[in-house]
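Number of protein chains: 2
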Amino acid sequence: MTFVAEALSLTPAAAKRLEEKRILSKAFVRHPFFKDVLEALRLGRKFGEYEEGTLVAKTVEGLEVVRGYPKIKRALTLYPTIKKHFRGEVIFEEKMNGYNVRIVRFGERLYAITRGGFICPYTTEKARMLIDDSFFKDHPNLMLCCEAVGEESPFVPKDVYGIKKIDFFVFDIRDKRTNEALPVKEKEKLSEEYGFKIAPILAEVHVSKAHEVAKDVIEDLGRKGKEGIVIKDPKMKRSPIKYTTSEANCSDLSFAFRFFGEYGRDFMFSRIIREGFQAFELDDDDAFERRCMRIGRAILEAIVESIREVSEGKRIYDRMRLRFYDLEVLELFKEHVRRMGVNAEFSEPVEDGDSYVVWFYRLMKSTTDKIDFILKGNLWQ
Amino acid sequence: MTFVAEALSLTPAAAKRLEEKRILSKAFVRHPFFKDVLEALRLGRKFGEYEEGTLVAKTVEGLEVVRGYPKIKRALTLYPTIKKHFRGEVIFEEKMNGYNVRIVRFGERLYAITRGGFICPYTTEKARMLIDDSFFKDHPNLMLCCEAVGEESPFVPKDVYGIKKIDFFVFDIRDKRTNEALPVKEKEKLSEEYGFKIAPILAEVHVSKAHEVAKDVIEDLGRKGKEGIVIKDPKMKRSPIKYTTSEANCSDLSFAFRFFGEYGRDFMFSRIIREGFQAFELDDDDAFERRCMRIGRAILEAIVESIREVSEGKRIYDRMRLRFYDLEVLELFKEHVRRMGVNAEFSEPVEDGDSYVVWFYRLMKSTTDKIDFILKGNLWQ
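Respectively, the protein sequence lines represent chains A and B. Taking the numbering used here, I'd label the letters of the first sequence as residues 942 to 1322. Taking the numbering used here, I'd label the letters of the second sequence as residues 942 to 1322.
In short, the hints are calculated from the structure, not lab data. Please read all numbers here as calculations on a predicted model, not as lab measurements. We put the CB at the ideal spot given by N, CA and C, even for glycine. One should not assume that every hint holds.
[Claimed, not checked] Derived lysine-lysine pairs resembling BS3-like cross-links, with alpha carbons at most 25 Å apart: (1) B/Lys967 to B/Lys1275; (2) B/Lys1317 to A/Lys1156; (3) A/Lys1025 to B/Lys1317; (4) B/Lys1156 to A/Lys1317; (5) A/Lys1156 to A/Lys1176; (6) A/Lys1183 to A/Lys1150; (7) A/Lys1024 to B/Lys1317; (8) B/Lys1178 to A/Lys1317; (9) B/Lys1025 to A/Lys1317; (10) B/Lys1317 to A/Lys1183; (11) B/Lys1024 to B/Lys1012; (12) B/Lys1255 to B/Lys1317; (13) A/Lys1025 to A/Lys1178; (14) B/Lys1014 to A/Lys1306.
[Said to hold, decoys possible] In silico negatives: residues of chain B with every beta carbon more than 10 Å from chain A: (15) Glu947; (16) Arg971; (17) Leu1004; (18) Arg1118; (19) Pro1124; (20) Lys1130; (21) Leu1143; (22) Asp1225.
Generate coordinates for the entire structure from the input sequences, incorporating the hints supplied.
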């Protein structure tokens, strides 16, 4: 706690408030795999200027603050929203569908921090294999903000990117202490220099025509099952804005209704409202019909699938294929997941070349129990 | 307050708890139209055995307690739910789509109490015209539990029943003090004797076949745009259970998403989950396709309609046609609605034979403001 107050330069009063509000919690599992880190805490909520997910660490080389990735606000209509928020040129960058990771270097090694501010063993293992750490020697103040994407994702497995394992796509390079982002061109240049993959840059257009171009871009991404775009000021002085495809909204709805006992109603509601505004702005009659069917099917098929499984005596779970190069990291990941409060089971690891494949099951106990209760003839409410 | 403690025979400790929990609130607007009532309070929540919506009144003839209408639990599947909860014969009664009213006599006049325990001036005026009050002289301990149904409904206007104005359909006759319900046959007999309309009794079947019969009944009601059924023990010793048609669920969804700023997410969520269980139990592939389209369209059309109206500079409101036989009652109703916290406007009354037609507008300010905010190019979250 005292090292946090020191790292964040808090006044004694602010330090006291931080403690009283119980915002801080442990950010990692102590282990030789994380040997550069002596202590690490995360902010569970925004505190002053510090974003939720900010990590404060005492490392072998001193105190480190890694700012939380800022919340990106969402446009529900393209027009006049883009025009209202930007001036001059804007960049459309693909918003890839994975999980947000900040990669930093502490001491001798790389560390991958998830959105909530946890140092993730699974992601860290892959970052150390895939990311050239000489970048951090040359730029010790920077962090790589990446989407971790692919089939072997413990959080958001997707096969639309053709990535069988997992990979990192840089979308921002930021000062880890101030959260200031490099201009898009500099991010591109540095990423090229160090061989990082980046989230695809789809277009650069003048703000006056941006909503027109965005329509085509979104339609195209939707057809390919991609998630959406992030609209950026090339200089990164104005906050980016995100906008998603109908297919992504419906995929979220499927997921939320498949596990309806676990997922929040606000999550479902917000996706439905997004579809309403997109239909209003973009749809002719045919597109609207297709959207109604898409959204109805996304919701109902998901619920019915879960009911059917429980009726067949199965439990409802989400299932992810993972790959570990070191079985110690698997054990560490199990402990990490347990501390995050996830109800998980793991298959026995199966050797596959230089690594081990493990299935990670997230049990959806609330959904399973609710359906089971109803199917036994009990009443609702 | 003291009269409530006396009427409910509360111990001093219970009376104190009732007061501290702030469960009681005013149940009527004092007015000569309600001259038999000196004071009246309602329970905003369940308290001990007393249901939410229980009314306690000091009348010209003494203290009266009118029990709240009990919550009827819902079946999400027909099988095995019906079989589990009943024995022997069950009755399927139509669940009409209006609003729940308890009609009682205090002193010289009839009073209509809505679900929440308010004495409603609009409904009371109609009850006094349509209900034969000799019933209450012969049975002073009973109340009529009715669905108030028709086009001229201030709460749930529907045209599917062919009722241009408003009418009452008795579904239960209960002891107003104990809430004990008469057996279905006795309700029918008394209703016939006094000329009351009743909610249609659709079938009486043995519990072993009830789920099969219910499927046909529900399908037929759905085709006609009706709401659903209440499944009853003929003796009314076991609690009734309700089950609704897909059309009613979708109509609820339309309503909720048209006014998405006002309606709760739980309201939307519960209707969607009902559809999921119904699809699982009843649908073949074709019916499932139609259900997906029905639910998708119900939701999206409603949202887009509201967005379109705001984009045209209109405000979002729900609009009901009402009829008053006495303009004093209109004024009383305006005050009643104001006290219920409804943001309402009324048209000027227009004479129509022996009565006045008035349009009642419920302004949906939150929906209007949210849409307007987004359409101006502002960001979500």
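Hints, verified against the model:
no.: 1; hint: B/Lys967 to B/Lys1275; in the structure: holds (16 Å)
no.: 2; hint: B/Lys1317 to A/Lys1156; in the structure: holds (18 Å)
no.: 3; hint: A/Lys1025 to B/Lys1317; in the structure: holds (9 Å)
no.: 4; hint: B/Lys1156 to A/Lys1317; in the structure: holds (18 Å)
no.: 5; hint: A/Lys1156 to A/Lys1176; in the structure: holds (23 Å)
no.: 6; hint: A/Lys1183 to A/Lys1150; in the structure: holds (17 Å)
no.: 7; hint: A/Lys1024 to B/Lys1317; in the structure: holds (11 Å)
no.: 8; hint: B/Lys1178 to A/Lys1317; in the structure: holds (22 Å)
no.: 9; hint: B/Lys1025 to A/Lys1317; in the structure: holds (9 Å)
no.: 10; hint: B/Lys1317 to A/Lys1183; in the structure: holds (17 Å)
no.: 11; hint: B/Lys1024 to B/Lys1012; in the structure: holds (20 Å)
no.: 12; hint: B/Lys1255 to B/Lys1317; in the structure: holds (14 Å)
no.: 13; hint: A/Lys1025 to A/Lys1178; in the structure: holds (15 Å)
no.: 14; hint: B/Lys1014 to A/Lys1306; in the structure: holds (24 Å)
no.: 15; hint: Glu947; in the structure: holds (33 Å)
no.: 16; hint: Arg971; in the structure: holds (35 Å)
no.: 17; hint: Leu1004; in the structure: holds (32 Å)
no.: 18; hint: Arg1118; in the structure: holds (26 Å)
no.: 19; hint: Pro1124; in the structure: holds (22 Å)
no.: 20; hint: Lys1130; in the structure: holds (30 Å)
no.: 21; hint: Leu1143; in the structure: holds (21 Å)
no.: 22; hint: Asp1225; in the structure: holds (12 Å)
In the structure shown, no violation is registered for any of the earlier numbered hints.
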